[in-house]
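K.L.:
Sequence:
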Amino acid sequence: MAKSKNVALVLGSGGARGLAHIGVIEELTRRGYSITSISGSSMGALVGGLLAANKLEDYKKWILTLDKIDIFNLIDFTISSKGLIKGHKVFEKMQEQNMIPDINIKDLPIPYTAVAVDIINNQLVVFKSGKLHDAIRASISIPNVFTPMPYNGTLLVDGGVLSPLPLEYIERKDSDWLVAIDLNAITPYEPVEVQIDRDNKNRWLNDNQKLAQLSKQWDRIFGQNTHNEKKNVPKSLTSKSIGYFDLAMRSVQLMQSQLTQYALRVTPPDVLISISKNSATVFEFYRAAELIEYGRRQCARVLDEKGL
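In the numbering used here, the protein residues as written are 4 to 311.
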């Protein structure tokens, strides 16, 4: 069936692995495809919202400057029964740089949908209108990690709880290619080597005692990167390399993988780009260059296989 060069793009949930969405988008654009509608869950809602608001390039430039210490400093820990991270600090930083504009979803140049979950009334909430900021903040609120977002008398959490790949909520025309990016694919991760042009890219690896202690603290809380940072050689995963958040998210990933498979059966996409669930843990945003390139290569491989 002949199709146009228009793409209805569905972006899945998966924390820092969502940076691969950027590489996929860049590869689609490079090949002449036009993204005419977007649906996203969790990190997919963030990347998709930034794309719809024409702010994705600004976000990419910013995230590529951050290292492990920068990411750690953007995490505002709290003592709360509803979550351990407020999530305010990173949003404030992004708003300072005008990355998430004060705009209504209906006013975006590209049709955009984000999903979140009403944890009080046990139902999916689909954002097709309202403030872009609210839709994104609600959709990325990982239960027990980020504090939920109060909204209309209830509490909203991560859309990935019920819809990690929101295929059925995308607006599309029959002639559009339906392209989906699954961030929870049970496939091996093939490490990608990239050149990182950043003066402080390895400052957490220095002999500075304070920085070394912070790195240990990161590993204790979030888990160790299971790929060698210098040679990209996979390490064996052990119980010692899994941190508190990593353990919680690995449980969530199993559920999301099953929900994703169901969504794919109900609404099969024309093109499915699989991002390994082992490519990154939830908070490894300091690996942006690697993950963006990984997404680009995965997209190129699939499109080449399909002759697109």
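Just so you know, not all the hints are guaranteed correct.
Label pairs and their in silico Cβ distance ranges [claimed, not checked]: (1) 308 - 32: 25 to 35 Å; (2) 65 - 194: 16 to 26 Å; (3) 73 - 123: 16 to 26 Å; (4) 133 - 171: 13 to 23 Å; (5) 260 - 193: 34 to 44 Å; (6) 124 - 100: 16 to 26 Å; (7) 269 - 37: 38 to 48 Å.
Rather than coming from a laboratory, the hints here were simulated on the basis of the structure.
Think of the CB as a built atom: it goes at the ideal place given N, C-alpha and C, for glycine as much as any other residue.
K.L.:
Now tell me, hint by hint, if it's right for this structure.
P.N.:
Taking the hints in turn, this is what the structure says about them:
no., hint, verdict
1, 308 - 32: 25 to 35 Å, "violated (19 Å)"
2, 65 - 194: 16 to 26 Å, "holds (24 Å)"
3, 73 - 123: 16 to 26 Å, "violated (35 Å)"
4, 133 - 171: 13 to 23 Å, "holds (20 Å)"
5, 260 - 193: 34 to 44 Å, "violated (19 Å)"
6, 124 - 100: 16 to 26 Å, "violated (35 Å)"
7, 269 - 37: 38 to 48 Å, "violated (26 Å)"
The structure is inconsistent with the numbered hints 1, 3, 5, 6, 7, although it conforms to all the rest.
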